[in-house]
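J.: If you're matching them up, the sequences are chains A and B in order. In terms of the working numbering, the first sequence is residues 1 to 302. In terms of the working numbering, the second sequence is residues 1 to 234.
The set of hints was computed from the structure by calculation and includes no laboratory data. Heads up, a few of these hints could be off.
To be verified - Result set (EDC-like, lysine to aspartate or glutamate): computed pairs, CA atoms no more than 20 angstroms apart in a straight line:
(1) A:LYS131 / A:ASP160
(2) A:LYS58 / A:GLU69
(3) A:LYS58 / B:GLU129
(4) B:LYS2 / A:ASP259
(5) B:LYS2 / A:ASP231
(6) A:LYS131 / B:ASP78
(7) B:LYS154 / B:ASP74
(8) B:LYS2 / A:ASP160
(9) A:LYS275 / A:ASP231
(10) A:LYS131 / A:GLU177
(11) A:LYS58 / A:GLU148
(12) B:LYS154 / B:ASP42
(13) B:LYS154 / B:ASP45
(14) B:LYS15 / B:ASP74
(15) A:LYS131 / A:GLU121
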Amino acid sequence: MIVADGVSKWFGDVVAVSDVSFRVGPGVTALLGPNGAGKSTMLRLLCGLTRPSQGTVKVLGEDPHGDPELYRRIGLVPQQEAVFGTLTARRFVRLAAELQGLDGPDVAAAEALRGVELDPEDRRPLVTYSKGMRQRVKVAQALVHGPEVVLLDEPLEGLDPRQRLHLINLFRRLGDEGRCVIVSSHVLDEVERFGSRVLVIAQGRLAAEGDFHEIRNLMDDRPNRLRLRTDRPRELAAALVVSGAIVGVQVQDDVLLVDTTDVGAFRRAVAPAAKATGARLHELVPLDDDLESVFRYLVARQ
Amino acid sequence: MKALYRLFLSTQVTKGRLIGLLTLGAVALVLGFSIGTNAAADAIDDGTILISAFGLGLFVPVATLVFASSVLGDPNEDGTLVYLWLRPIARWRIVAAALAATLTVTLPVVVVPMVAAAALTGAGAPLVEGTLIACVLATVAYAGVFTWLGLRVKRALVWGLAYILIWEGFVAGAGANPSRLAIRANARSLLTRISGGPHRLIEVSAPTAIALPLIAAAVAVVLTVRRLTRQDVA
Numbered sequence: 001m002i003v004a005d006g007v008s009k010w011f012g013d014v015v016a017v018s019d020v021s022f023r024v025g026p027g028v029t030a031l032l033g034p035n036g037a038g039k040s041t042m043l044r045l046l047c048g049l050t051r052p053s054q055g056t057v058k059v060l061g062e063d064p065h066g067d068p069e070l071y072r073r074i075g076l077v078p079q080q081e082a083v084f085g086t087l088t089a090r091r092f093v094r095l096a097a098e099l100q101g102l103d104g105p106d107v108a109a110a111e112a113l114r115g116v117e118l119d120p121e122d123r124r125p126l127v128t129y130s131k132g133m134r135q136r137v138k139v140a141q142a143l144v145h146g147p148e149v150v151l152l153d154e155p156l157e158g159l160d161p162r163q164r165l166h167l168i169n170l171f172r173r174l175g176d177e178g179r180c181v182i183v184s185s186h187v188l189d190e191v192e193r194f195g196s197r198v199l200v201i202a203q204g205r206l207a208a209e210g211d212f213h214e215i216r217n218l219m220d221d222r223p224n225r226l227r228l229r230t231d232r233p234r235e236l237a238a239a240l241v242v243s244g245a246i247v248g249v250q251v252q253d254d255v256l257l258v259d260t261t262d263v264g265a266f267r268r269a270v271a272p273a274a275k276a277t278g279a280r281l282h283e284l285v286p287l288d289d290d291l292e293s294v295f296r297y298l299v300a301r302q
Numbered sequence: 001m002k003a004l005y006r007l008f009l010s011t012q013v014t015k016g017r018l019i020g021l022l023t024l025g026a027v028a029l030v031l032g033f034s035i036g037t038n039a040a041a042d043a044i045d046d047g048t049i050l051i052s053a054f055g056l057g058l059f060v061p062v063a064t065l066v067f068a069s070s071v072l073g074d075p076n077e078d079g080t081l082v083y084l085w086l087r088p089i090a091r092w093r094i095v096a097a098a099l100a101a102t103l104t105v106t107l108p109v110v111v112v113p114m115v116a117a118a119a120l121t122g123a124g125a126p127l128v129e130g131t132l133i134a135c136v137l138a139t140v141a142y143a144g145v146f147t148w149l150g151l152r153v154k155r156a157l158v159w160g161l162a163y164i165l166i167w168e169g170f171v172a173g174a175g176a177n178p179s180r181l182a183i184r185a186n187a188r189s190l191l192t193r194i195s196g197g198p199h200r201l202i203e204v205s206a207p208t209a210i211a212l213p214l215i216a217a218a219v220a221v222v223l224t225v226r227r228l229t230r231q232d233v234a
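In isolation and in its complexed conformation, chain A is listed as follows (with noise of 0.2 angstroms):
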C-alpha cells in the first residue's frame, strides 16, 4: 500500500531522510526511533505535506503530493498540537467530515468522537481540552472518513495509560479490518504493545526493519559497555576475562570498562568474581542501556 524507494529529504545544509526504502502493507507498522531521528519528516512525506528531494513515494500506488483525491483515502493525525482552539470537538471533526465530503458527517463525527471515548455533546471549545483529549480529538479527525492508510505521529503522546491501551487496541483493530496503519513513536515499549511490524529509523536513515521480535532480539544482542570501579582492578578483569561472561575489558587505574554480549551472565559472574579475587566493587554502571544508544548501534552495524 506504500512505497518509498531511495526517498531522501533535506532542509539546506539538514538531512532530514537519507535514501530511506521500504515497502509496507496491511496492517500495524510502528516507525520507531529517537526525537529527531526523522520519523515526522518521514510520515510528511508519505502523506505529500513535502516532496522527497530525491526518490520516490507512492501510497495506494499515486504520488502523495499534488492529488487532493488521494486523501479521500488517507488520514494523518499530525504531530503538532495545534488545533482550530474555538472550535468544539465535534464541529472540529463534523469539519473534516464536510471536507471529506461525507454524508451526514455530523453523526460521522459524533461516532468518530465515540471511538476515541469522548463526549460528542461537549460544548466546550478545543483550547480548553487537555493534551490528551486534544490528541484523541486529532485521531477522531483522522479516522471520521474511514481512510484506507492511516498515519499517525506520535498518537500516544500526553494519554493516560487506560487511553494508551484504548488507541492501541483501536489501531490494531484497524490494522486487522486490512488498512495500513504506520504509528511513529520513540517509545521501545509502547511499540512492543502494537506487537507489529516495526521499521526502526535513526539519524535519518533506516537502520533495522522487521518483525518487533527480531528487533527486539537485534537489540538485545548488541554488546553492552559497563563503567566498575573497584579497588582491585587488574585481578577483577582477569577473573571476569575467565569466567567468560564478558567480550573485553581495558583497565584505566581503578576503573574497568567491560564489554558483555549478555548483560544477565555478567550480572551472575561479577559478584563471585569479585568476591574470589577480594576486591571491592564500588561502582556499576551501564553505559549504553538509554534507546539512543540502541538507536546509534543499529546505525553502525548497517
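Based on these hints, arrange chain B on the given structure of chain A.
T.: Relative to the frame of chain A, chain B by itself:
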C-alpha cells in the same frame, strides 16, 4: 466550501481586532463630522482628501492587512493548515473561501464607517458614491495581495505594513506613471473623479483605475493558489 468559509469567518473575527479597527472607523467619523461642521471648509475637496488620506492611505489597507494576512497565514504558521490541506478539495476552493471570509469581515468594517464619514462631510452623494466604489475596489485588491503575502512570508503583518508605508506610500505619490502600480493611487483617482475633488489627485484614467487593482487581485489569487499547491505544509 461553505464549511471552509464558516471556519475562516470564525477564526477571523476576534474581539481585539474588531475593537482596534472599529476605533479607527470611529476616528474617520469624527474627522468627517469635523469637516461637515466647519463652515469655512470646502466639503468636496476636504472630504475627498480625508477619504483619500485616512481611508485609502491608512484604514482600508491596514484593516484588510489584519484580516487577509492572517486568514491563511495563521493556519500556515501554527500548523492547523494541515487539517484543510490534507482533504480532497481543490486548492482554489480553499483560497476562494479564505478571500470570501476576508471580504465578508473587512468590507463592513471599512466601508460602512468610511461611507458614513463621507456623508458626514456634507459633500453630497458624489463623495459618498466615490467612497463606496473606491473603498470596495481597494479592499478587494488588498485582500488578494495580503492573502498571498500571509501565505508567502512569516510575520506578514510587519511585511504588509512595510509594503503599505514604502510601496503604497511612495509609489502612489511618485507621479502619474509609477503611481499606477500602487493600489492606493488607482483607488484615489477613481474616488476623485467621482467626487469632483481636487484634480491633482487624479493620476490614472478611470478604466485603468478600475482594471489595475482588479488585475492585481487576480494575479495575487493565482499566486496564492499556486503557493498553496506547491508549498510544504508543516
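J.: Can the restraint linking LYS275 (chain A) and ASP231 (chain A) be considered satisfied, given a maximum Cα separation of 20 angstroms?
T.: Holds, at about 12 angstroms.
J.: Given the hinted pair LYS154 (chain B) and ASP74 (chain B), is their alpha-carbon gap at most 20 angstroms?
T.: holds, 9 angstroms
J.: Has the given pair, LYS2 (chain B) with ASP259 (chain A), been kept, meaning a C-alpha gap of at most 20 angstroms?
T.: Between LYS2 (chain B) and ASP259 (chain A) the Cα gap is close to 65 angstroms, so the pair fails against 20 angstroms, i.e. violated.
J.: Would you check the hint for LYS2 (chain B) and ASP160 (chain A), treating anything up to 20 angstroms between C-alpha atoms as holding?
T.: violated, 37 angstroms
J.: Checking one constraint from the list: CA of LYS58 (chain A) to CA of GLU148 (chain A), max 20 angstroms. Satisfied?
T.: Holds: LYS58 (chain A) and GLU148 (chain A) sit about 14 angstroms apart, inside 20 angstroms.
J.: Is the hinted pair LYS15 (chain B) and ASP74 (chain B) satisfied, with a Cα-Cα distance of at most 20 angstroms?
T.: holds, 16 angstroms
J.: Can you confirm whether the C-alpha distance between LYS131 (chain A) and GLU121 (chain A) stays at or below 20 angstroms?
T.: holds, 19 angstroms
J.: Holds or violated: LYS131 (chain A) and ASP78 (chain B), Cα atoms, limit 20 angstroms.
T.: holds, 16 angstroms
J.: Can you confirm whether the C-alpha distance between LYS58 (chain A) and GLU69 (chain A) stays at or below 20 angstroms?
T.: Given that 20 angstroms is the threshold and the Cα spacing comes to 14 angstroms, the pair holds.
J.: Mind checking the alpha carbons of LYS154 (chain B) and ASP42 (chain B) for me, to see if they're no more than 20 angstroms apart?
T.: violated, 44 angstroms
J.: Starting from LYS131 (chain A), check that the Cα of ASP160 (chain A) is at most 20 angstroms away, please.
T.: The hint holds at about 10 angstroms.
J.: Going straight from one Cα to the other, do LYS154 (chain B) and ASP45 (chain B) come out at no more than 20 angstroms?
T.: Violated, because 40 angstroms separates the two Cα atoms, which is more than 20 angstroms.
Consistency note: the structure conflicts with the earlier hints numbered 3, 4, 5, 8, 10, 12, 13.
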